[in-house]
Amino acid sequence: MIKIKLNEVPLELQSETSLHQLRDQQQLDADLLIINGFPALEDRQLKDGDQVVMIKRGNIPDAEQLEALMMARHTPGVHARIAQSRVGIAGAGGLGSNIAISLARVGVGHLVIADFDLVEPSNLNRQQYFIDQIGQPKVMALKENLQRINPYVKIDTFNGKITPQNLNQIFTDIDVMVEAFDAPDQKAMLTAAHLQQSPECPLVAASGMAGYAASNSIQTKKIRDNFYLIGDQTTAAQPGQGLMAPRVSIAAGHQANAVLRLLLGEKPE
Amino acid sequence: MNMHVNGENHQFDAGLTIGQLLKQLDLQPDRVVLELNQNILNTTDNINTELHEKDKLEIIQFVGGG
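Residue numbers (this note's numbering), protein chains in the order written: chain A, 2 to 270; chain B, 6 to 71.
By construction, these hints were calculated from the structure, which means they are not laboratory data.
There are no misleading hints in this set.
Chain A side only, calculated, beta carbon under 7 Å to chain B, not exhaustive:
no. : residue
1   : Gly95
2   : Ala181
3   : Ala193
With a straight-line cut-off of 20 Å between C-alpha atoms, the simulated EDC-like cross-links for lysine to aspartate or glutamate are:
no. : chain 1 : residue 1 : chain 2 : residue 2
4   : A       : Lys6      : A       : Asp25
5   : A       : Lys223    : B       : Glu63
6   : B       : Lys28     : A       : Asp186
7   : A       : Lys223    : B       : Glu13
8   : B       : Lys61     : B       : Glu40
9   : B       : Lys61     : A       : Asp226
10  : A       : Lys162    : B       : Asp35
11  : A       : Lys222    : B       : Glu63
12  : A       : Lys222    : B       : Glu13
13  : A       : Lys144    : A       : Glu121
14  : A       : Lys222    : B       : Glu40
Everything numeric in this text was worked out from a predicted model, so none of it was measured.
Yeah, the Cβ is synthetic: ideal placement off N, Cα and C, and Gly gets one too.
With the hints as extra help, turn the sequences into a complete structure.
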């Protein structure tokens with residue numbers, strides 16, 4: 002007997018089994034066979050420890066299959082915890098769109114995304130939208146893009162302005178809140194309102210990620226209990242110092258990783 | 006009077022308001038979050054609030070971009 006993995010699931014086979022025999026036994030319609038990360042163009046004998054992936058091109062896995070495939074690449078225990086989680090994202094611009102995509106890829110089960118804006122051509126320099134989405138509400142365009150990555154993430158959207166008065170009606174039952182606005186007064190408004198109204202729910206905010214200063218100047222800092230601030234805290238977007246994809250996505254990566262660490266009970270900083 | 010601002014001891018004139026302090030520091034009230042003695046304040050509602058001896062004030066400034 003040999004032990005292999007087929008589509009991330011452990012399997013025991015007779016020692017003499019070949020790749021094509023396995024395909025015929027298990028998944029007759031697969032047209033792409035991958036062994037240990039490389040496409041196998043010809044039939045071959047399987048060895049103990051081989052990782053085999055069989056794909057039918059164009060076939061969309063169902064929720065359970067996708068979950069198994071994603072879970073297999075996670076540290077044990079991580080997937081189950083984050084799949085139950087619900088994360089709020091205020092703002093679907095350069096930060097929010099990148100954060101949402103990271104969280105959907107990693108398998109966060111529920112996202113609540115709010116923004117009042119439409120996709121504009123100038124957004125495409127850093128925000129995760131496509132040229133054919135210009136003019137669409139950002140929350141609808143982002144939901145569409147997230148569903149193309151992982152259709153099993155549950156996404157609630159709010160297409161409108163967030164205020165201290167509607168904050169708690171939009172972001173219900175969330176485990177972590179993310180501030181991902183562009184305008185500094187909106188950042189301050191959301192931060193103050195969240196810290197006052199939901200002090201028990203961690204907030205991950207960002208300030209200072211314009212231009213192309215050194216990557217390592219962007220940091221994750223704990224400001225007070227349940228309040229984490231990401232960025233260099235000084236570099237404002239202004240004429241001559243625009244927002245650029247690399248640094249904005251570095252800050253978004255910090256924010257998404259801070260969310261993940263909070264969901265897993267780790268300190269973000 | 007003596008106050009802690011962002012973790013450091015500073016001397017200010019008695020009766021200083023939050024609005025006056027922000028002006029001295031060249032900060033715009035609608036771009037900051039203030040924590041006075043552990044409580045988060047609505048900055049714009051507290052622009053005329055007077056600060057007192059031994060107050061601990063944390064000022065978190067937000068810059069634009071996202």
